[in-house]
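Using the hints provided, position chain B relative to the given structure of chain A.
First to last, the sequence lines map onto chains A and B. Take 1 as the starting number for the first sequence in the numbering used here and just add one per residue. Take 1 as the starting number for the second sequence in the numbering used here and just add one per residue.
Derived from the structure by calculation, the hints contain no laboratory data. Don't take each hint at face value.
[What the hints assert, rightly or not] Which stretches of chain A does chain B cover? Using the computed rule of at least three CB atoms under 8 Å from a CB of chain B, they are: (1) 25 to 33; (2) 40 to 54; (3) 60 to 69; (4) 91 to 100.
None of the values given here were measured: they were computed from a predicted structure. Each residue gets a CB set at the ideal place from its N, CA and C atoms; glycine is no exception.
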Amino acid sequence: MIVSYVIWVVCYSCLILTIFIALYGIITRPNLIKKIIAYTIFSDSINLFIVFLGYRRLPNAKIAVLPLKPTPEEIAMYEETAVDPLVQCLVLTAIVIGLAVILFFTFLAIQLYRLYGTLDSREITKKSRLRW
Amino acid sequence: MILLNEVLLVYSLIVTTILTYMVVMTRDLVRAVILSACQSIFFSIALYCILAIDIVLVYLPVAVGIYSVVFLYAIRKTEHLEKPVVGSHKVVALIVAVGAILVVALIVHSIMSGLTGWTPSKIIRPLARFIISRTINYYEPEFWTSSPEAITATVWDYRGLDTFFEITVFYGAIVGCLALFRFIEVIFKEKLREVEKLPKELGLSLITKTVCRVVFALISIIAINIAIHGHLTPGGGFQGGATYVIGPLLIMVALSQYFLRRIGYEERKLILLRSLGLIAIALVALIPALLGGFVFQNQYKPWSPYIGYPPYVDNVWISGSIFLFNVFDAIAVATGFCLIFLVLSIPEEYFKKLLEVKP
Chain A
1 MIVSYVIWVV CYSCLILTIF IALYGIITRP NLIKKIIAYT IFSDSINLFI
51 VFLGYRRLPN AKIAVLPLKP TPEEIAMYEE TAVDPLVQCL VLTAIVIGLA
101 VILFFTFLAI QLYRLYGTLD SREITKKSRL RW
Chain B
1 MILLNEVLLV YSLIVTTILT YMVVMTRDLV RAVILSACQS IFFSIALYCI
51 LAIDIVLVYL PVAVGIYSVV FLYAIRKTEH LEKPVVGSHK VVALIVAVGA
101 ILVVALIVHS IMSGLTGWTP SKIIRPLARF IISRTINYYE PEFWTSSPEA
151 ITATVWDYRG LDTFFEITVF YGAIVGCLAL FRFIEVIFKE KLREVEKLPK
201 ELGLSLITKT VCRVVFALIS IIAINIAIHG HLTPGGGFQG GATYVIGPLL
251 IMVALSQYFL RRIGYEERKL ILLRSLGLIA IALVALIPAL LGGFVFQNQY
301 KPWSPYIGYP PYVDNVWISG SIFLFNVFDA IAVATGFCLI FLVLSIPEEY
351 FKKLLEVKP
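Isolated chain A, as found in the complex (with noise of 0.2 Å):
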């Protein structure tokens, strides 16, 4: 017991960590494209704690992927060991949603080098004419 309690107090603590560790990066990076990838790293983290809360502990869980064609025995089963689909639907939404937007990020970023020439965002934001 306290070994598998001390197992995802790690577990947790990595994960967090990472999710800090990328949002320092997003912060305090400079490159544009740093920035990004940083920010690819955060979002998943947070994706794969996302998909922690649908896991079963349990030495036979299953993915729900059931048979063709089912015993209400076999439902039952699969309804007491299964993996928590919804979670696992809602992230795979989340990770196309948050591939079109890195996409549209990274081209935005090449475009912003080809009119400034840096990818600095200290640079970008003395020759530009916005102050803050």
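Just chain B now, kept in the frame of chain A:
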């Protein structure tokens, strides 16, 4: 009770954390991309350990293949090295680090004491139980989807409208990307005409080319398999489409983009195919509504006059509209990504000519 998959999960998450730190700290951007791809592989192992096979199938091609190649192209078009950061005072850095660790400890403590409903639980939520027990239930068919794969059934039947908006976002993003690269065909056409006159020995060595051809065929077969069996096994339209794109990408890297254009991957053709795929998705979703049912209706419902799509055709199980959605989605996604990569691979000098920016 120690489960073997949880030991592997802990291992992969620890490696992930170290790799993330290295990604953030390194100044070489190419190295950062490669480390981030390694990190994604360990994330996929973690996802596999918590039995999210569908997500592994979409996450691996997206995070290891597509992200890496997009970033490498972006780095080739821009700069390789990050400029150094002026470090803050050591005392401030220490305070921030200690504060962050305290916050992490607080969050972990609150999760372990039940913030998210004691996550590694033995039970699942009622809605998930509903989906699992009804998705292929012959005995209570009023809510069934006729697909044994509960996740694809949720994506295209129970939450069909949600997926439709997801596709719309994806469509909008690709249109936005293409809009940033507009008018390039005008300049690039001359170059394409020149390349057609060149001998066909562009690209890497003979061994690489042959291996690439074989791998291209294998990747295509796996992608089609993932897409058309999406309603029976883990996988689906988006997974299949995203896997398929890795093939043309390989060709582009090993044999040059001009070869890819020569074998028929051209912008206009791809835009046409992609629009046809999207129109087909909309039609499959709207046909039930036109015949008296509701939008995204799949099977027969007692309260709706529409008879529903057939669960099987001539002994082949197709799960009604889910098979059609998967196939059309795979076409739309694969062509959308090919389009993005074709546009990304155009050398930067032509854009500079277009913008008249001095290098």
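Do the hints match the structure? See the list:
no.	hint	in the structure
1	25 to 33	holds (count 6)
2	40 to 54	holds (count 10)
3	60 to 69	holds (count 9)
4	91 to 100	holds (count 8)
Checked against the numbered hints given earlier, this structure breaks none of them.
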